[in-house]
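Visitor: Using the sequences and the hints given, assemble the complete structure.
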Amino acid sequence: MVLLALLTAALSGFAALGGSEESVISDQVKFQASRRIVPEHGYRIHEISRGDGTLIKEYVSFEGKVFGVSWNGPTLPDLSQLLGSSFVEFQNSLQRKAGRRKAAVVHNSDLVVESTGHTRAFRGRAYLSSMLPDGVTQAVVQ
Amino acid sequence: MRRGITATVVVLIVVLMVVSLAACGDGNSSGSNETSSAPPPVNNTQPVIVDAGPVVNGQAIGNEDLLFTSVTICVPGTTTCQTIDHMAVDTGSTGVRILASQLSLTLANSMNASGQPIANCVQYADNSYQWGPVAKADIKMAGEVASSVPIQIVGPANFPAAPNDCTAGGTPAETVSDLGANGILGVGLFRQDCGAACASVTLPPAVYYSCPASGCIITSVSVAEQLQNPVWMFPQDNNGLLIMLPQVAPGGAASVSGSMIFGIGTQSDNALNGAQAQAVDGFGNFTTTFNGTKYSSSFIDSGSNGLFFLDAITTGIPNCSRPETGFYCPNSTVNLTAINSGPNPNARTATISTNVAFSVANAAVLFNSSNSAFNDIGGSNPGAFDWGLPFFFGRGVFIGIESQSTPAGAGPYWAY
Numbered sequence: 000m001v002l003l004a005l006l007t008a009a010l011s012g013f014a015a016l017g018g019s020e021e022s023v024i025s026d027q028v029k030f031q032a033s034r035r036i037v038p039e040h041g042y043r044i045h046e047i048s049r050g051d052g053t054l055i056k057e058y059v060s061f062e063g064k065v066f067g068v069s070w071n072g073p074t075l076p077d078l079s080q081l082l083g084s085s086f087v088e089f090q091n092s093l094q095r096k097a098g099r100r101k102a103a104v105v106h107n108s109d110l111v112v113e114s115t116g117h118t119r120a121f122r123g124r125a126y127l128s129s130m131l132p133d134g135v136t137q138a139v140v141q
Numbered sequence: 000m001r002r003g004i005t006a007t008v009v010v011l012i013v014v015l016m017v018v019s020l021a022a023c024g025d026g027n028s029s030g031s032n033e034t035s036s037a038p039p040p041v042n043n044t045q046p047v048i049v050d051a052g053p054v055v056n057g058q059a060i061g062n063e064d065l066l067f068t069s070v071t072i073c074v075p076g077t078t079t080c081q082t083i084d085h086m087a088v089d090t091g092s093t094g095v096r097i098l099a100s101q102l103s104l105t106l107a108n109s110m111n112a113s114g115q116p117i118a119n120c121v122q123y124a125d126n127s128y129q130w131g132p133v134a135k136a137d138i139k140m141a142g143e144v145a146s147s148v149p150i151q152i153v154g155p156a157n158f159p160a161a162p163n164d165c166t167a168g169g170t171p172a173e174t175v176s177d178l179g180a181n182g183i184l185g186v187g188l189f190r191q192d193c194g195a196a197c198a199s200v201t202l203p204p205a206v207y208y209s210c211p212a213s214g215c216i217i218t219s220v221s222v223a224e225q226l227q228n229p230v231w232m233f234p235q236d237n238n239g240l241l242i243m244l245p246q247v248a249p250g251g252a253a254s255v256s257g258s259m260i261f262g263i264g265t266q267s268d269n270a271l272n273g274a275q276a277q278a279v280d281g282f283g284n285f286t287t288t289f290n291g292t293k294y295s296s297s298f299i300d301s302g303s304n305g306l307f308f309l310d311a312i313t314t315g316i317p318n319c320s321r322p323e324t325g326f327y328c329p330n331s332t333v334n335l336t337a338i339n340s341g342p343n344p345n346a347r348t349a350t351i352s353t354n355v356a357f358s359v360a361n362a363a364v365l366f367n368s369s370n371s372a373f374n375d376i377g378g379s380n381p382g383a384f385d386w387g388l389p390f391f392f393g394r395g396v397f398i399g400i401e402s403q404s405t406p407a408g409a410g411p412y413w414a415y
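Those protein sequences? They're chains A and B, same order as listed. Counted the way numbering that gives the first Met the number 0 counts, the first sequence spans residues 0 to 141. Counted the way numbering that gives the first Met the number 0 counts, the second sequence spans residues 0 to 415.
Simulated from the structure, these hints should not be mistaken for laboratory data. Be aware that a few hints might be false.
[What the hints assert, rightly or not] List time: in silico SDA-like cross-link candidates among lysine to any residue, alpha-carbon distance up to 25 Å:
#1 B/LYS135 / B/MET110
#2 A/LYS56 / B/ASP310
#3 A/LYS96 / B/LEU102
#4 A/LYS96 / B/LYS135
#5 B/LYS135 / B/SER69
#6 A/LYS96 / B/SER176
#7 B/LYS139 / B/ALA107
#8 A/LYS96 / B/ALA107
#9 A/LYS96 / B/MET110
#10 A/LYS64 / A/SER33
#11 A/LYS96 / B/ASN56
Quick caveat, the model's predicted, so the values are computed rather than measured.
Guide: Now the structure itself:
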């Protein structure tokens, strides 16, 4: 049971937006998550599949930096880890008000976060405009 | 002004009670076609209201487009009960969640096989969460009773704090002020909040926890012990529900009263009539087509306080400025049409499509009024449509619960 809990807790520890590609690989090895790399023009995608069917994609430049992340599936990934050092800006940019329930959409000058969906179906993406590789648009982060 | 709103609500509740009693009589007289083995028909009509929300420190919170009802919860098998008002009616989630601060009943924690308390964590797309133990209670609405339903008690003081896997750096929605309600009545498309994924003993998601003294850890919980949609646990009228709200005039209304009717095609008051059923996918989503583009992750959610769709660049509708970012603020009301579509639950190779006309007004102007119910609040939801509470005004919306048989086929589906 303890081992199971450790594995489960650790599974959320994937690499962060703005971080390095090495952390994606080491996390995947350590946590035995299913991962594959999809090469694209000007970047590559690490696809990490969680046991519950949630698919997390990390968009990595040829310089080895995670410039975008996306998620899709029944559970919300830990955004504090997935967004890394951008998480505080994301939280601070949300305009919270009692009783309001809607998507969390942050469109700042560099950081963009779009978190939508409902229980059992979450979907979202985040990217740093300043880190998009040459010739790659934000539209690829899906 | 606040006092005036409260007085209006009291009058409306009295009117609702009268209407509810009348509906009860109709229901009783119309069930003569039930077989002798079926339980006798009961009142299946629960009043619902969109208003300014629960009162905190003498003032209504001032919500916009939140649908409420009162739910009676009881210690299982007893008449020790409490009625909790202003429970948010949420078709976008499943399960009853009651703020511990509003609960005076003492309910026993659910325990796992090792004798440890079970806790539940629900996370929302805006990175808010609710944490607390699971307990069983009888749930009563209208004349319906669901027995020993696992529910969540949100944020009790005498329980371990939410672990990091639950908070994920997010914001708790565990007080009346933060939630804008005394709890959530999750009556969505599914029977459980999580289902098979959380019953899996290998790497269950961060939804259920066992809480020994050493700290709470993620665990698997059988489907039967998970939070349940109370409607499917009713002995009758348990295949779905119908939410009926009247239309709202431009500019909104101080409050809007309607009905939540349990069952689909089980009594004279919940026949589908002409409503077209559209099945959803395994996530509870369907396709909305807008300006010729298909958005396949769209959904209907009474717990969303507006029509949230796409973004300002795609729609050409300007965003509001702070503090109402995330909402649309057109100079004048924009009238639009979209098409919702999904498989016919009775013949899944056939696609059922329905045109939906909707309007988007200036949200900042609407929020500045003293009204609480609006049919034209809009905002962004990139890449999909989130048909929130305004979708429910002026139409009856049926929710077919997963695997439950109805005249239109088995759920999960929407029909309207």
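Visitor: Could you run down the list of hints and mark each one as holding or not?
Guide: Here is what the structure says about each hint:
1. B/LYS135 / B/MET110: holds, 10 Å
2. A/LYS56 / B/ASP310: holds, 22 Å
3. A/LYS96 / B/LEU102: holds, 23 Å
4. A/LYS96 / B/LYS135: violated, 31 Å
5. B/LYS135 / B/SER69: Distance of about 18 Å is within 25 Å: holds.
6. A/LYS96 / B/SER176: This hinted pair holds, its Cα atoms lying about 9 Å apart.
7. B/LYS139 / B/ALA107: holds, 18 Å
8. A/LYS96 / B/ALA107: Given pair A/LYS96, B/ALA107 is violated - Cα atoms ~33 Å apart, limit 25 Å.
9. A/LYS96 / B/MET110: Distance of about 35 Å is beyond 25 Å: violated.
10. A/LYS64 / A/SER33: With Cα atoms ~21 Å apart, A/LYS64 and A/SER33 stay inside 25 Å; holds.
11. A/LYS96 / B/ASN56: Given pair A/LYS96, B/ASN56 holds - Cα atoms ~17 Å apart, limit 25 Å.
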